[in-house]
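Position chain L relative to chain W; hints supplied.
Residue numbers (our numbering), protein chains in the order written: chain W, 1 to 325; chain L, 326 to 653.
Note that these hints are calculated values from the structure, not bench results.
Don't be surprised by glycine CBs; every beta carbon is placed ideally from N, CA and C.
Be careful, since some hints might not be right.
Now the stretches of chain W that chain L is said to cover, found in silico as 3 or more residues with beta-carbon under 8 Å [stated by the list, open to error]: (1) 18 to 25; (2) 228 to 242; (3) 251 to 259; (4) 264 to 274.
Facing chain W, from chain L, some residues (calculated, C-beta under 7 Å) [to be verified]: (5) 496; (6) 499; (7) 560.
Label-pair restraints from in silico Cβ distances [claimed, not checked]: (8) L/357 to W/202: 13 to 23 Å; (9) L/638 to W/28: 50 to 60 Å; (10) W/275 to L/477: 45 to 55 Å; (11) L/461 to W/43: 32 to 42 Å; (12) W/198 to L/622: 27 to 37 Å; (13) W/128 to L/346: 51 to 61 Å; (14) W/198 to L/441: 50 to 60 Å; (15) W/302 to L/461: 22 to 32 Å.
This is what each chain is made of:
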Amino acid sequence: MSNILEVKNLTMHYETLDGDVDAVKDITFNVKAGESFGIVGESGCGKTSVAMCLLQLQAENGKISNGSILFDGQELVGMSENDLRKVRWDGISIVFQGAMNAWNPVVKVGEQIREAMREHNPKSTKSQNTEKINELFNMVGLDSSASERFPHELSGGMKQRAIIALALSCDPKLIIADEPTTALDVVIQDQILTEIKNVQELLGLSLIYISHDIAVIAEMTDKIAVMYAGSIVEIGPTEEVFKSPKHSYTRSLLDSTPSIMGEKKKLRSLEGEPPSLINKIDGCSFSPRCPSPSNECKNQSIEMGLIKVGIDHYADKCCSGCISE
Amino acid sequence: MLTNAVRVVSVNNLIEVRNLVKHFEVSGGLFSRNKRIIKAVDGIDFEIKAGESLGLVGQSGCGKTTTARSLCLLDPKTSGDVNFYNSESQKMESIDEIDDEGLRQFRRNMQMIFQDPYESLNPRWTLKDIIKEPLDIHNIGDLKDREEAVIEILKTVGLTPPQNYLSRYPHEISGGQRQRVSIARTLIMKPKFVICDEPTSMLDVSIRISIMDLMLNLAKELNVSYLYITHDLAVARYMCNRIAVMFNGKIVEIAESEELLQNPIHPYTKRLISSIPIPDPNYKRERYEVNYDELDKIISNNPDKKMIDIGNGHFVASHDTKGFFIET
Numbered sequence: 001m002s003n004i005l006e007v008k009n010l011t012m013h014y015e016t017l018d019g020d021v022d023a024v025k026d027i028t029f030n031v032k033a034g035e036s037f038g039i040v041g042e043s044g045c046g047k048t049s050v051a052m053c054l055l056q057l058q059a060e061n062g063k064i065s066n067g068s069i070l071f072d073g074q075e076l077v078g079m080s081e082n083d084l085r086k087v088r089w090d091g092i093s094i095v096f097q098g099a100m101n102a103w104n105p106v107v108k109v110g111e112q113i114r115e116a117m118r119e120h121n122p123k124s125t126k127s128q129n130t131e132k133i134n135e136l137f138n139m140v141g142l143d144s145s146a147s148e149r150f151p152h153e154l155s156g157g158m159k160q161r162a163i164i165a166l167a168l169s170c171d172p173k174l175i176i177a178d179e180p181t182t183a184l185d186v187v188i189q190d191q192i193l194t195e196i197k198n199v200q201e202l203l204g205l206s207l208i209y210i211s212h213d214i215a216v217i218a219e220m221t222d223k224i225a226v227m228y229a230g231s232i233v234e235i236g237p238t239e240e241v242f243k244s245p246k247h248s249y250t251r252s253l254l255d256s257t258p259s260i261m262g263e264k265k266k267l268r269s270l271e272g273e274p275p276s277l278i279n280k281i282d283g284c285s286f287s288p289r290c291p292s293p294s295n296e297c298k299n300q301s302i303e304m305g306l307i308k309v310g311i312d313h314y315a316d317k318c319c320s321g322c323i324s325e
Numbered sequence: 326m327l328t329n330a331v332r333v334v335s336v337n338n339l340i341e342v343r344n345l346v347k348h349f350e351v352s353g354g355l356f357s358r359n360k361r362i363i364k365a366v367d368g369i370d371f372e373i374k375a376g377e378s379l380g381l382v383g384q385s386g387c388g389k390t391t392t393a394r395s396l397c398l399l400d401p402k403t404s405g406d407v408n409f410y411n412s413e414s415q416k417m418e419s420i421d422e423i424d425d426e427g428l429r430q431f432r433r434n435m436q437m438i439f440q441d442p443y444e445s446l447n448p449r450w451t452l453k454d455i456i457k458e459p460l461d462i463h464n465i466g467d468l469k470d471r472e473e474a475v476i477e478i479l480k481t482v483g484l485t486p487p488q489n490y491l492s493r494y495p496h497e498i499s500g501g502q503r504q505r506v507s508i509a510r511t512l513i514m515k516p517k518f519v520i521c522d523e524p525t526s527m528l529d530v531s532i533r534i535s536i537m538d539l540m541l542n543l544a545k546e547l548n549v550s551y552l553y554i555t556h557d558l559a560v561a562r563y564m565c566n567r568i569a570v571m572f573n574g575k576i577v578e579i580a581e582s583e584e585l586l587q588n589p590i591h592p593y594t595k596r597l598i599s600s601i602p603i604p605d606p607n608y609k610r611e612r613y614e615v616n617y618d619e620l621d622k623i624i625s626n627n628p629d630k631k632m633i634d635i636g637n638g639h640f641v642a643s644h645d646t647k648g649f650f651i652e653t
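Isolated chain W, as found in the complex (with noise of 0.2 Å):
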């Protein structure tokens, strides 16, 4: 399969009155047609705003310093806002996090999704336009007499749907899944995550899903990457990473996470906060946190970077020394 995204030695930075915020340090991956990819990771690692960068929707003071965002071929970074308009929802669509909060008011949900594809596809009538509707809203589970209601007179779970309905709407390639649960309850989750998944495979669409949740990265995805401070310290096939994490923060996360399967079993905590990224860090950024941190690692001339530990399993080189038993 082909990648319909690449991203290649992603760089970002914020700048702020107290200096600049490293947000994005180096970031390489390729997402196949066809394929979800997870990010996990902590508040504050940096996951939305890797989001951002690949719609070019950084806040202001968010700069690109280096590298490239190549879609279907066509590079993102640089690219003027006018281009840009083409892939935005037509190619790349987002789902943000509490989006169902971000419905106007006063507008019905329908009309609100059908502003969407009069702007990317003005060709269409309103007729198709509506069929489309009802039948994006079929295929979220929703019946289609609920394009004709006020966001109010939906549940949160419905107003969920419906934006996943307006992600949809222009057929883009790829979509990207922002925290699309984190307000929901697990039983709204469970179906929101079963009807994404479902329009995935109907539509052969590409997905990004992004949460700190690992039980819900391990049902989504084929392959993922592991964030933290800014870097990804693992990447690799989502099976191959849980069977056998080699980053001490992968498996840190792992054995923090309580499941109803299995033996009940005491869970190990992570001590102490993610550092702060306007102080430039030397060496390994997780090595105060790390449960079993060597000599070495508290070295700040250590030197960083992924190496192969697997198959298309890639670690950050400080911790793929340390855990090899």
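Only chain L this time, still in chain W's reference frame:
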């Protein structure tokens, strides 16, 4: 290893809830005479023993938080009995019958931890004042005692050294630390019973476990009982000895945590369990389908609220006299 197994659960009930009902009246509109009644909590029974944690799980809107609010008298209940063990008279007392002094006593013994540590702490107060406030209200000890108590409790919840935190404001500390402050403020009263309303759902995964472990350790040390409200069964399993499953204002199943997860009987419990993501990419989860409308109809057609005891302290609602939910 069972983390809860080491906890001493006494045989005495600390709190007993019998047929608790909380209805809300919703008017049909400005000029409408029709009043609709929302049955947020519709006749639930449970009891919590001293030192035990009971998990209350269910979807948003099923009445979990309303139950908690009725229990600690934040919302007056519509009907039903709540009995609380009075350690002075050494017997169960109904909260309807206690006098003002008894009520103060009751409030000392029952505290609440809220979901959002960003909203439940006063941004203009220093941490010392925030944690000290309950002592001021209940007029416990003199100023020096109170300050010592604050320092002591900060150490207990792992905010060390305490001197670094006393004069800080909530915005100067992280989310995990803020939730520790909420816990400190709750535990400074040395309560017997703490209601926790999704205390970790706003926190990051890595911080979540340390807060949960802290709460488990404190429960053991101080012999506190918890009513732990959550929608995540994996969290409930980790935190609680027993779990009660709520659906539309009713408890449909209640059992020991492991028993409930391994041997669920009510279809709604099965649905809930089948919707929890498993952190294992090879595990193929199968959704257990439930027709909510049908379930709701069966429940409202069979207002008989008797729970069937199926052994091992496992109770399940019997909405249908024919034993609809129990396959024999």
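How the hints compare with the structure:
1. As drawn, the region 18 to 25 of chain W meets chain L at 0 residues by the rule of a beta-carbon pair under 8 Å; below three, the given contact is violated.
2. Residues of the region 228 to 242 of chain W lying with their CB closer than 8 Å to a CB of chain L number 3, which satisfies the three-residue condition for coverage.
3. Restraint check on the region 251 to 259 of chain W versus chain L: 7 residues with Cβ-Cβ distances below 8 Å, three needed, restraint holds.
4. Using a Cβ-Cβ cut-off of 8 Å, 9 residues of the region 264 to 274 of chain W lie near chain L, which meets the minimum of three, so the contact claim holds.
5. The closest approach between the C-beta of residue 496 of chain L and any C-beta of chain W is roughly 15 Å, which is over the 7 Å cut-off, so the hint fails.
6. Annotation: residue 499 of chain L was flagged as interfacial toward chain W, and the flag holds, the nearest CB pair being 6 Å apart, inside 7 Å.
7. Evaluation of the residue 560 of chain L hint against chain W yields a held restraint, the C-beta minimum of about 6 Å falling below 7 Å.
8. Between residue 357 of chain L and residue 202 of chain W the C-beta distance comes to about 45 Å, which lies outside the given range of 13 to 23 Å.
9. Between residue 638 of chain L and residue 28 of chain W the beta carbons are some 55 Å apart, a value that agrees with the proposed interval 50 to 60 Å.
10. Range check, residue 275 of chain W to residue 477 of chain L: Cβ separation about 31 Å, and the 45 to 55 Å hint is violated.
11. At about 34 Å, the CB distance of residue 461 of chain L to residue 43 of chain W agrees with the hint of 32 to 42 Å.
12. Hint check: residue 198 of chain W to residue 622 of chain L, Cβ distance near 28 Å, so the stated range 27 to 37 Å holds.
13. Restraint check, residue 128 of chain W to residue 346 of chain L: a C-beta distance of roughly 53 Å satisfies the suggested window 51 to 61 Å.
14. Against the hinted window of 50 to 60 Å, the Cβ-Cβ separation of residue 198 of chain W and residue 441 of chain L comes to about 33 Å, which falls outside the hint.
15. In this structure the supplied range 22 to 32 Å is violated for residue 302 of chain W paired with residue 461 of chain L, their Cβ-Cβ distance being about 52 Å.
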